[in-house]
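> Given only the sequences and the hints, what does the whole structure look like? Please build it.
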Amino acid sequence: MKRELIYMDAKSSKFWTIELAGNSHTVTYGRIGTDGQSLTKSFASPEAARKEMDKLIAEKLGKGYVDAGGSDAVDAGVGGSDGSIPMLAFSSINRRDDIGQNIGTFIGKRVMDYDPEKPHKPDVVYRFRSDWENDELLPNLKHFTQTGAAAETVALVIGAWHGDNPEMTPEPVLDVLMQAKDRLPKLAALYIGDITSEENEMSWINQTDLSPLLAAFPKLQLLRARGGTGLALSSPKHENLRALALETGGMDVSVIRSICMSSFPNLEYLELWLGTDEYGANHAIADLQPILSGRLFPKLKYLGLRNSQLADEIAGVVVNSPLIQRLETLDLSLGVLTDEGARALLKLPPSPTLKKLNLHYNYISDELIRQLKALPLTVDASKPGHMEEDDEDRFVAVGE
Amino acid sequence: MLLSPQAASEAIRSGGKTGPIEVEGLLDLSQFDRPSLPARLHCYELDARASKLTSLPPDLKIDGRLVLDDCAVLTSLPRGLSAGSISLRNCKSLRALPEELSTWFLDMTGCSSFETWPESGTIHNGSLLLRNCIGIRSLPGWIGRLSQLNLAGCVQLGKIPENISVSGWLDIGGTGITSLPSGLQGAPLRWRGVRIDERIAFHPEQLSAREALAEKNAERRRVLIERMGYLRFAQEAKAKVLDEDEDRAGKRQLLSIDLKEDEPLVGLSCRCPSTGRQYLLRVPPKTKTCHQAAAWIAGFDDPSRYHPQIET
Numbered sequence: 001m002k003r004e005l006i007y008m009d010a011k012s013s014k015f016w017t018i019e020l021a022g023n024s025h026t027v028t029y030g031r032i033g034t035d036g037q038s039l040t041k042s043f044a045s046p047e048a049a050r051k052e053m054d055k056l057i058a059e060k061l062g063k064g065y066v067d068a069g070g071s072d073a074v075d076a077g078v079g080g081s082d083g084s085i086p087m088l089a090f091s092s093i094n095r096r097d098d099i100g101q102n103i104g105t106f107i108g109k110r111v112m113d114y115d116p117e118k119p120h121k122p123d124v125v126y127r128f129r130s131d132w133e134n135d136e137l138l139p140n141l142k143h144f145t146q147t148g149a150a151a152e153t154v155a156l157v158i159g160a161w162h163g164d165n166p167e168m169t170p171e172p173v174l175d176v177l178m179q180a181k182d183r184l185p186k187l188a189a190l191y192i193g194d195i196t197s198e199e200n201e202m203s204w205i206n207q208t209d210l211s212p213l214l215a216a217f218p219k220l221q222l223l224r225a226r227g228g229t230g231l232a233l234s235s236p237k238h239e240n241l242r243a244l245a246l247e248t249g250g251m252d253v254s255v256i257r258s259i260c261m262s263s264f265p266n267l268e269y270l271e272l273w274l275g276t277d278e279y280g281a282n283h284a285i286a287d288l289q290p291i292l293s294g295r296l297f298p299k300l301k302y303l304g305l306r307n308s309q310l311a312d313e314i315a316g317v318v319v320n321s322p323l324i325q326r327l328e329t330l331d332l333s334l335g336v337l338t339d340e341g342a343r344a345l346l347k348l349p350p351s352p353t354l355k356k357l358n359l360h361y362n363y364i365s366d367e368l369i370r371q372l373k374a375l376p377l378t379v380d381a382s383k384p385g386h387m388e389e390d391d392e393d394r395f396v397a398v399g400e
Numbered sequence: 001m002l003l004s005p006q007a008a009s010e011a012i013r014s015g016g017k018t019g020p021i022e023v024e025g026l027l028d029l030s031q032f033d034r035p036s037l038p039a040r041l042h043c044y045e046l047d048a049r050a051s052k053l054t055s056l057p058p059d060l061k062i063d064g065r066l067v068l069d070d071c072a073v074l075t076s077l078p079r080g081l082s083a084g085s086i087s088l089r090n091c092k093s094l095r096a097l098p099e100e101l102s103t104w105f106l107d108m109t110g111c112s113s114f115e116t117w118p119e120s121g122t123i124h125n126g127s128l129l130l131r132n133c134i135g136i137r138s139l140p141g142w143i144g145r146l147s148q149l150n151l152a153g154c155v156q157l158g159k160i161p162e163n164i165s166v167s168g169w170l171d172i173g174g175t176g177i178t179s180l181p182s183g184l185q186g187a188p189l190r191w192r193g194v195r196i197d198e199r200i201a202f203h204p205e206q207l208s209a210r211e212a213l214a215e216k217n218a219e220r221r222r223v224l225i226e227r228m229g230y231l232r233f234a235q236e237a238k239a240k241v242l243d244e245d246e247d248r249a250g251k252r253q254l255l256s257i258d259l260k261e262d263e264p265l266v267g268l269s270c271r272c273p274s275t276g277r278q279y280l281l282r283v284p285p286k287t288k289t290c291h292q293a294a295a296w297i298a299g300f301d302d303p304s305r306y307h308p309q310i311e312t
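Going down the list, the sequences are from chains A and B.
Taking this note's numbering, the leading residue of the first sequence gets 1, the next gets one more, and so forth.
Taking this note's numbering, the leading residue of the second sequence gets 1, the next gets one more, and so forth.
Quick caveat, the hints were computed from the structure, so don't treat them as lab data.
Honestly, I wouldn't trust all of these hints.
Stretches of chain B that chain A covers, calculated by requiring three or more beta carbons in the stretch to come under 8 Å of a beta carbon on chain A [said to hold, decoys possible]:
1) 54-68
2) 161-169
3) 258-267
4) 286-295
Listed below are the simulated DSS-like cross-link pairs for lysine-lysine, each with C-alpha atoms no more than 25 Å apart in a straight line [as the list claims (entries may be wrong)]:
5) A:Lys355 x A:Lys55
6) B:Lys251 x B:Lys216
7) B:Lys260 x A:Lys237
8) A:Lys347 x B:Lys17
Far from chain B by the CB rule (all over 10 Å, computed), these chain A residues [said to hold, decoys possible]:
9) Asn23
10) Leu61
11) Arg95
12) Asp98
13) Lys109
14) Arg110
15) Glu117
16) Asp123
17) Pro185
18) Ser293
19) Ser321
All C-beta atoms, glycine included, are put in the ideal place defined by N, C-alpha and C.
Below you can see the structure in the form of structure tokens.
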């Protein structure tokens with residue numbers, strides 16, 4: 001008997017398999033793409049080995065691993081033969097503590113800063129960025145698009161673009177990408193804004209209208225962006241887009257409206273960091289109604305309404321949403337979710353599809369967490385070790 | 001005719017524009033100064049707050065939000081009105097909602113004339129906010145599962161129909177509701193925004209002044225005192241007597257109780273001259289005499305001008 005699990009987030013992309021044989025089991029684990037290492041353990045009886053195996057599997061599932069053969073992870077080898085990105089690889093920032101670091105992996109592949117001096121490495125995702133001393137993002141990106149490697153590249157990460165000019169938007173970056181669109185025929189995933197708070201606070205990042213990218217790259221499957229100021233999707237249409245992730249400290253209602261008026265018929269994954277009014281969030285729960293009504297995205301499997309001040313209110317409405325009968329993952333993590341929202345989530349109706357509830361970083365009491373964990377779902381109600389528990393001051397993950 | 005939000009707003013505001021008009025986005029008609037909108041209007045969202053609209057066209061089509069807050073002369077809405085959310089805050093002239101209304105979120109806060117529900121409609125999944133809808137005497141039976149139900153200040157409301165349930169909370173502050181239907185048993189309760197439990201809501205006779213005085217949270221303490229009744233609280237808390245005199249109905253007392261981290265509770269204890277019932281009316285804490293208190297209650301800023309011929 002064998003079980004194969006995989007895990008992907010902003011830092012790593014790992015596999016873990018366990019194989020039971022008589023009264024022993026063998027665990028093999030490592031980075032996806034490597035052989036990993038194996039460890040065999042023997043037990044007094046086959047029953048004991050089996051019991052230990054079940055325990056280990058439950059632990060791994062609790063940590064966010066999924067079955068390699070499951071629908072979450074079709075072609076878990078990443079970028080399968082048809083070029084489709086596995087569902088699991090759309091997610092990036094899973095933990096609060098990931099927010100403070102540049103991503104180590106993107107769509108399950110290792111991220112490397114591009115260096116025009118070095119030979120091209122296959123199977124990595126290049127990141128392009130500037131800092132206040134070296135304004136090299138644009139020259140490096142232009143250089144890369146002239147190389148032969150551009151034709152094979154499936155994903156790009158754009159880091160800090162502002163150099164020594166904090167007012168700068170990524171518009172010049174978008175221009176370079178769009179001018180090079182014919183040399184990037186396989187581009188399927190883009191992250192515009194792998195920027196840590198040390199480089200630029202999320203609420204200070206100057207974003208721009210990203211919809212020209214949608215028009216320029218018809219094969220795009222994933223668009224991830226960070227920063228809410230100036231963010232827009234003026235023409236929200238794309239035939240093939242499967243995942244949209246917008247990370248903001250405070251989302252303007254006009255962005256939500258654009259998403260609600262969009263045409264993304266193949267969208268499976270929608271992750272919105274809604275934020276707080278202190279950082280520009282000016283929406284109310286009613287603005288999310290078109291999303292929650294279920295009429296927008298017929299293929300939606302993952303809905304993340306994260307980093308939200310309204311997490312309790314969202315929980316109260318989402319349990320009544322027809323989407324619950326279609327989603328596989330509901331993610332209300334990184335927000336101000338308290339016992340009130342937890343009580344609402346306890347009323348989640350039975351769903352043939354829902355498997356995961358991500359509530360990482362929350363203000364829920366131990367008693368309610370215990371009750372949530374009794375739901376027939378994988379529930380992540382973990383909290384960062386250094387989370388402040390104060391009844392009066394409750395913050396979203398990005399907003400302190 | 002497809003128009004940008006800006007162009008549509010300008011065209012409709014200048015008048016003479018006739019439908020069909022389709023607007024991709026938010027149509028801003030706030031403070032619109034005409035009584036009606038063009039027919040065959042379809043927009044994603046409509047914001048016509050503080051406008052002079054008296055009604056909406058029967059074929060109006062809205063996908064997302066409909067905002068009609070502070071439309072003081074709005075008197076009717078079209079049959080079958082449907083939108084993701086509908087906000088009608090402080091529409092003081094609106095007496096009825098239309099038949100077959102359909103929405104997820106309905107905000108009627110401050111609709112003080114509203115009294116008539118349609119025979120059928122759909123309000124579900126989101127919130128129904130009826131704060132200070134002082135005219136409503138009942139809720140319709142067709143409301144199902146909501147996220148939030150705010151009935152605070154619905155002073156004529158005494159009952160909630162059986163099939164209503166909430167996934168979030170229920171606010172019953174200041175209503176006459178004395179028990180919950182089965183679908184709402186165990187629902188988180190609020191009293192004008194303050195979280196309370198069923199004992200505070202439905203068994204105020206079990207509350208004591210000791211419990212109220214021990215409550216650290218000032219908002220919650222105020223609710224406890226309100227639920228107990230000021231008079232019983234003042235009696236149990238052994239209030240200081242600041243002043244004493246007599247009116248037609250008998251002895252009057254000005255009572256004061258100190259509260260932690262809050263202004264003292266000062267009130268005039270008196271009897272109703274008609275019914276003989278004793279009650280306590282709260283007055284500003286700086287009040288010194290029963291006469292000052294009675295004058296303040298009657299609306300006089302200057303107590304020396306208050307000389308009632310008769311109090312009833």
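> Now tell me, hint by hint, if it's right for this structure.
Each hint, compared with the structure:
By the rule of at least three residues with a Cβ nearer than 8 Å to a Cβ of chain A, the coverage given for the stretch 54-68 of chain B holds, with 3 such residues. A count of 4 residues in the stretch 161-169 of chain B with a Cβ less than 8 Å from any Cβ of chain A is obtained; the coverage claim is therefore met, three being the minimum. Counting residues of the stretch 258-267 of chain B whose C-beta lies closer than 8 Å to any C-beta of chain A gives 0; at least three are required, and the coverage claim is violated. Taking a C-beta to C-beta cut-off of 8 Å, the stretch 286-295 of chain B contributes 0 residues in contact with chain A, too few for the three needed, and the coverage statement is violated.
Between A:Lys355 and A:Lys55 the CA atoms are separated by roughly 19 Å; this keeps the pair inside 25 Å, and the hint holds. Proposed proximity of B:Lys251 and B:Lys216 is contradicted: the alpha carbons are some 34 Å apart, above 25 Å. Annotation: proposed proximity of B:Lys260 to A:Lys237 is violated, straight-line Cα distance about 59 Å (limit 25 Å). For a cut-off of 25 Å, the pair hint linking A:Lys347 to B:Lys17 is broken: about 49 Å separates their Cα positions.
Listed as a non-interface residue, A:Asn23 keeps its Cβ farther than 10 Å from every Cβ of chain B; the least gap is roughly 48 Å. The beta carbon of A:Leu61 is kept farther than 10 Å from every beta carbon of chain B, the shortest such distance being approximately 27 Å. Even its closest Cβ contact with chain B, about 28 Å, leaves A:Arg95 beyond 10 Å, as expected for a residue assigned away from the interface. Remark: the non-interface label on A:Asp98 is consistent with the geometry, its nearest Cβ contact in chain B lying 30 Å away (cut-off 10 Å).
At roughly 38 Å from the closest C-beta of chain B, the C-beta of A:Lys109 stays outside 10 Å, upholding its exclusion from the interface. Look at A:Arg110: its CB is around 41 Å from the nearest CB on chain B, clear of 10 Å, so calling it non-interface holds up. Every beta carbon of chain B lies more than 10 Å from that of A:Glu117, the smallest distance being close to 48 Å; the non-interface claim holds. Every CB of chain B lies more than 10 Å from the CB of A:Asp123, the least distance being 42 Å, so the non-interface label holds.
Every C-beta of chain B lies more than 10 Å from that of A:Pro185, the closest at about 31 Å, which supports listing it as non-interface. Separation of A:Ser293 from chain B is inadequate, the least Cβ-Cβ distance of about 7 Å not exceeding the 10 Å criterion. Non-interface call for A:Ser321 relative to chain B: violated, since the shortest CB-CB distance, roughly 7 Å, does not exceed 10 Å.
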